[in-house]
Amino acid sequence: MSGPSYYCLQCYKELIPASSVQGQLPEGGQAGGDNCPHCGLQYNPEDEQTFVSFDILSPWASYLLAFMGCLFGGGFFLLSTNANEGVGWALVLGLPICAGAVLGYSSSPRRFRFWRKMIVALLLGSGFLIMASLLANFFSLGGVGMGIFCLVMLGLVFILPFFFGDWLGYMIRRRDERKQRGWPWKGMKIVIFLLLPFGLDAVERLVPRAEDLAFVETQAVFSAPLERSWDSIVFYEQIEHEPPFLLRLALPRPVGTTGGKAEVGDTSRCVYENGYLVKKVTRREEGSLLGFRVIEQKLHFEHDLDLREGSFRIEPGPGPGTTLVTLTTTYRRLTYPAFIWQPAETLILHTLHGHVLEGMRANAERELAVDPAAAAPERIGRARSMER
Amino acid sequence: MENNDCAAGLVVRSRMDCAKQAWPSVRLSMELEAPVSKERLWEFVSDLRSFLTTDPYHRRVLAMRRPICAGTHLAIEHGLLGFSFFRFGRLLRWQEGSGYSVSDLSARGCRQGFPHVFNVSIEPDAEFPRDRSKLRIEVKGRWTAGMVPTVLRRWWLKFTCRWHLRLLRRKLEEMYT
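Top line first, the protein sequences correspond to chains E and Y. Plus 588 on top of the position in the first sequence (first one is 1) and you've got this note's numbering. Plus 48 on top of the position in the second sequence (first one is 1) and you've got this note's numbering.
Since the hints were made in silico from the structure, they are not lab data. The reader is advised that the hints may include incorrect statements.
[Said to hold, decoys possible] Chain E is nowhere near these chain Y residues, computed Cβ spacing over 10 Å in every case: (1) H106; (2) H164; (3) P177; (4) K206.
[Unchecked claim] Counterexamples of contact, computed for chain Y against chain E with all Cβ distances above 10 Å: (5) E87; (6) S94; (7) V165; (8) N167; (9) V168; (10) T192; (11) W204; (12) F207.
[What the hints assert, rightly or not] To give an idea of the chain E side of the interface with chain Y (calculated C-beta under 8 Å), a few residues: (13) L597; (14) Q598; (15) L629; (16) Q630; (17) Y631; (18) N632; (19) Q637; (20) T638.
Quick caveat, the model's predicted, so the values are computed rather than measured. Note that the Cβ used here is the ideal one computed from N, Cα and C, for glycine as well.
Work out the full structure, taking the sequences as your base and the hints as a guide.
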């Protein structure tokens, strides 16, 4: 450890740089004591209770701590995203709070500025990922179990808990310094912060979690009569138009459909660029409802969503010669806490739905394009999502 | 409020008054009658570390300079709901043998976090000046938590005052009866 520095008990501003001549006492102390130059509080250089001393970590101790943080954080990240069923509270809140607490606890009142903390947070996040990748390769686990989109989301979600943990760690350190605790005690606290996410994860897994089903519904208005819209859904095969930005960026891009939907029991295979979805028709009401169950899913977000079933519902549209098509997907939620992830899930599924419905609408309206009576195409309509 | 178990001569009598409150100012007063002379009572009262920590929320009192005299800064460690924190103040007045005043202010500033002043005074009893004396503690402050409902504020002040009085009475009884 590097030498201690001295701070005011009230404002936690540095009193005066530590004197090597006087050894353990702040410089400038007069016989009767001195005043803090910032807040004016008196202190007595000969009475250690009247000021706070912080041991500052040496650069090597800081590097070691950063490495330990990355090792434990990366290990936990890997465990949470790969070995467990899904992302939970321990990863989303426990890990950033504990990582922030380690940073805050090892800080002195001469703290970094906000932007420096942001850089540290980014470096720490990158360190987690690098360490998780190394560990995954070492143990042949095959990756960190998360795509770019989820990692970016997770990074954004991490920011607030990280800074809360930083503040919490700093407050605990201040309290320990006031009580003049030694380094064995402080070291134990740091180890607790490093191990706490594992403990939280274990507790989280002990608590039974009910199957959490949710659904997302997207509606589109086709400028085509009901029968033609129905046919465009049932005989839909190939998506030819450009996908939206989100799908191009990181999500599985639907390509087309093979197989039949003519009768109940038929299976169809929705092909994506990096995977597929096998669906079995479970309900078919000619011209109004096509329901299906997902029997196989391989879309690279199996850790986040477990797709269960879906349906196309067809109703007369708002205008003459139009059809309202509602695509619903029911899924089992695997990422927690739900209030953080649900907006992302809704956005992803709406984007996917919108892309598929756009292709079907184009199919339905294509043949009408030569018909001068055909109305101008309407854009995809309102969408909603709900929890079940 | 007055305690009723004060029939015998060696019993400490106590009384508190927290009825007159005009928001945001807070005025509380506690009075204890101890079966000892003023000089003996002053021995206890003048020991700041012991006397000021006979308070429900005061854990420790640090004098920032020695010897203690009027103007000396004090750091008072408070404990509330399992959390401990420092508040700061000064010894505002010191009248040897008869009383003193201490301020108790938040670390965030003198207008934040219920700033208050303790006025402590002792005087001999009018009837038995050698055998009995009165200890009077007045707390004057400013209530800054505007969001707290009046009912809760009143209850809190009364609860704290009663608790403080009970601690003081117990201490005096331990020492002098």
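Taking each numbered hint in turn, which are not upheld by the structure, reported in ascending numerical order?
When the structure is compared with the hints, none of them turns out to be violated.
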